[in-house]
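> Since the structure of chain A is already known, use the hints to place chain B on it.
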Amino acid sequence: MNAALYSTYARTKSRIMFGLCVAFTVLILGILGLVTAYLLYLGLETLSLRFFTELPTGDPNAPGGMKHAVVGTAILVALASVVGVPGGIMAGIYLSEYSANSMLGAPVRFVSDVLTGVPSIVVGLLGYELLVVPLGHFNGYAGALALAFIMVPIVARTTEEMLRLVPNSYREASIALGATKARTILRVVLPAATGSVVTGIMLAVARIAGETAPLLFTALGSRLLTFDPKHPFPSLTKQIFDYATGPYEGQKRLAWAGILVLVGLIFVLNLAVRYFSSRSARMAGR
Amino acid sequence: MTQLQTTVPGPRSLAEPLLPKPVSRPMGTGARADGPAALAPSEAKTIIHKEVEAEKQIVAVESFQLFYGKTQALHDVSMQIPAGKVTALIGPSGCGKSTLLRSLNRLNDLIDNVRIEGAIRFHGQNIYGPGIDVIALRKSMGMVFQKSNPFPMSIFENVVYALRIGGEKRRGVLAEVCERSLRGSALWEEVKDRLHDSALSLSGGQQQRLCIARAIAAEPQVLLMDEPCSALDPLATDKIEDLIYQLRGKYTVVIVTHNMQQAARVSDYTAFMYLGRLMEYGPTNSIFVTPQLKQTELYVTGRFG
Numbered sequence: 010m011n012a013a014l015y016s017t018y019a020r021t022k023s024r025i026m027f028g029l030c031v032a033f034t035v036l037i038l039g040i041l042g043l044v045t046a047y048l049l050y051l052g053l054e055t056l057s058l059r060f061f062t063e064l065p066t067g068d069p070n071a072p073g074g075m076k077h078a079v080v081g082t083a084i085l086v087a088l089a090s091v092v093g094v095p096g097g098i099m100a101g102i103y104l105s106e107y108s109a110n111s112m113l114g115a116p117v118r119f120v121s122d123v124l125t126g127v128p129s130i131v132v133g134l135l136g137y138e139l140l141v142v143p144l145g146h147f148n149g150y151a152g153a154l155a156l157a158f159i160m161v162p163i164v165a166r167t168t169e170e171m172l173r174l175v176p177n178s179y180r181e182a183s184i185a186l187g188a189t190k191a192r193t194i195l196r197v198v199l200p201a202a203t204g205s206v207v208t209g210i211m212l213a214v215a216r217i218a219g220e221t222a223p224l225l226f227t228a229l230g231s232r233l234l235t236f237d238p239k240h241p242f243p244s245l246t247k248q249i250f251d252y253a254t255g256p257y258e259g260q261k262r263l264a265w266a267g268i269l270v271l272v273g274l275i276f277v278l279n280l281a282v283r284y285f286s287s288r289s290a291r292m293a294g295r
Numbered sequence: 290m291t292q293l294q295t296t297v298p299g300p301r302s303l304a305e306p307l308l309p310k311p312v313s314r315p316m317g318t319g320a321r322a323d324g325p326a327a328l329a330p331s332e333a334k335t336i337i338h339k340e341v342e343a344e345k346q347i348v349a350v351e352s353f354q355l356f357y358g359k360t361q362a363l364h365d366v367s368m369q370i371p372a373g374k375v376t377a378l379i380g381p382s383g384c385g386k387s388t389l390l391r392s393l394n395r396l397n398d399l400i401d402n403v404r405i406e407g408a409i410r411f412h413g414q415n416i417y418g419p420g421i422d423v424i425a426l427r428k429s430m431g432m433v434f435q436k437s438n439p440f441p442m443s444i445f446e447n448v449v450y451a452l453r454i455g456g457e458k459r460r461g462v463l464a465e466v467c468e469r470s471l472r473g474s475a476l477w478e479e480v481k482d483r484l485h486d487s488a489l490s491l492s493g494g495q496q497q498r499l500c501i502a503r504a505i506a507a508e509p510q511v512l513l514m515d516e517p518c519s520a521l522d523p524l525a526t527d528k529i530e531d532l533i534y535q536l537r538g539k540y541t542v543v544i545v546t547h548n549m550q551q552a553a554r555v556s557d558y559t560a561f562m563y564l565g566r567l568m569e570y571g572p573t574n575s576i577f578v579t580p581q582l583k584q585t586e587l588y589v590t591g592r593f594g
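In the order they appear, the protein sequences are chains A and B. Numbering-wise, the first sequence is residues 10 to 295 according to our numbering. Numbering-wise, the second sequence is residues 290 to 594 according to our numbering.
Next up, chain A with everything else stripped away, as it sits in the complex (with noise of 0.2 Å):
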């Protein structure tokens, strides 16, 4: 290579770039791995299999386990899913499929990409007011309601781009071989993304799973455990918030098992995306 043609300032300009990238990459996962660490060495102290078939003792230094939190936390994610996996779904087809001739298009898109940036905190005082006031108490259904309400634009605007990514060749291919807009949605479009859009929906239940906000003022939280959500409900983030913000040391240490076991459950849900979109790559022949 010619040096004249390539000058030492351009070189060392390109170099501190690469440094500075390298530089920040470490510093993120540095801290990434710091706070890992931390957790892993507070939490792995208590976290044991008691964690998950004891309930609380009320005694503060050996305050057992927290079943009642892992279940009520497993039941309204479970109902929040039922309610936000079927409309996020339908509301990304809508604005996908339907919506070009829609003067609704555009709002909608709009209205839930500010709604998934909506603190969820306010989703918590909505809760409150439409499904707590009303019945008179915390309950559950109101938190998963909450929970269900942050994952709808989520799914929705999820599904929205993936069901876009599907080439248009796939819809007028079924249009011509007689099929109508309905099924060619349902057998062809919707198949063709469904690992992406599985996708989606694991990022949305990871996310609620890890909310708190929007419990406060609805599922309040329970040390009993419960399967009926018309009462105060238990949830892992509540019970995690309630010890470790408590005078007792004993409390403390199991509020850290939780938080292991919180992200535990993203990382698995997270490890589980990355299987279900290689997967649905290597369908889609690529």
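The set of hints was computed from the structure by calculation and includes no laboratory data. Relax, there's no trap hidden among the hints.
Simulated crosslink set (EDC-like; lysine to aspartate or glutamate; CA at most 20 Å straight-line): (1) B:Lys334 to B:Glu351; (2) B:Lys436 to A:Glu181; (3) A:Lys190 to B:Asp398; (4) A:Lys190 to B:Asp401; (5) A:Lys190 to B:Asp422; (6) B:Lys528 to B:Glu479; (7) A:Lys190 to B:Glu457.
Below, chain B alone, put in the same frame as chain A:
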């Protein structure tokens, strides 16, 4: 509509591809020089050779006009498509060939701002008339696209798609139709052991034959092909052309092509379109050997377009 007598060409052998031959008529000086600019089609009348009208018709396009918004894409096109024959639509890019083809199964309905005038009759019934079952129309008009577009499903599911949407559930029927259609598109031997593999694992030429199998599985009467070979290599093209040759008689084929040799090889009739108008339409041999319009002659001999 002017009818002119032409010399009736003898039957030609498909083994020897008919290449455009130099035309004997005087051409004027410098064909390039008096190229498209001199070919303003406004005063030109459509020339339809009388052989076309002697054929049994299945589709009749009548004074058909099509507008994309304010742009007119088809100007007063009238042509009849003979049943059981292969009809090629040729012409330079943007001349409306694909638009016309996609009007036949109303696929243009998918595009916004499309407005039409005139009629297209299928078995005498106006497909743009009120009360037409578009679904049934599309089922009787199979379509093969420029870019092969198998669904991201198994080979089997691709072929039986039309049956599935018709609600067919019997495994025996599905398997039988799958085999028959794949044999019909000359793909069976290559894929019979991997029917449940993803259709996207096939090569480009195989995918296109799969799309043909998918189209004929619905037992259409007409097969619309929109430049089916333009994305394929010569060997795959050859296979598709053989297939089109075998499909004639059983199906009415309308094929859009940019490749004039292809039109000459596979079609019985050729329609030359230019700037949204049908210029000349007649037996393929006449169009290529003794065209009556200067534009047709220049186009088929590769001097413009």
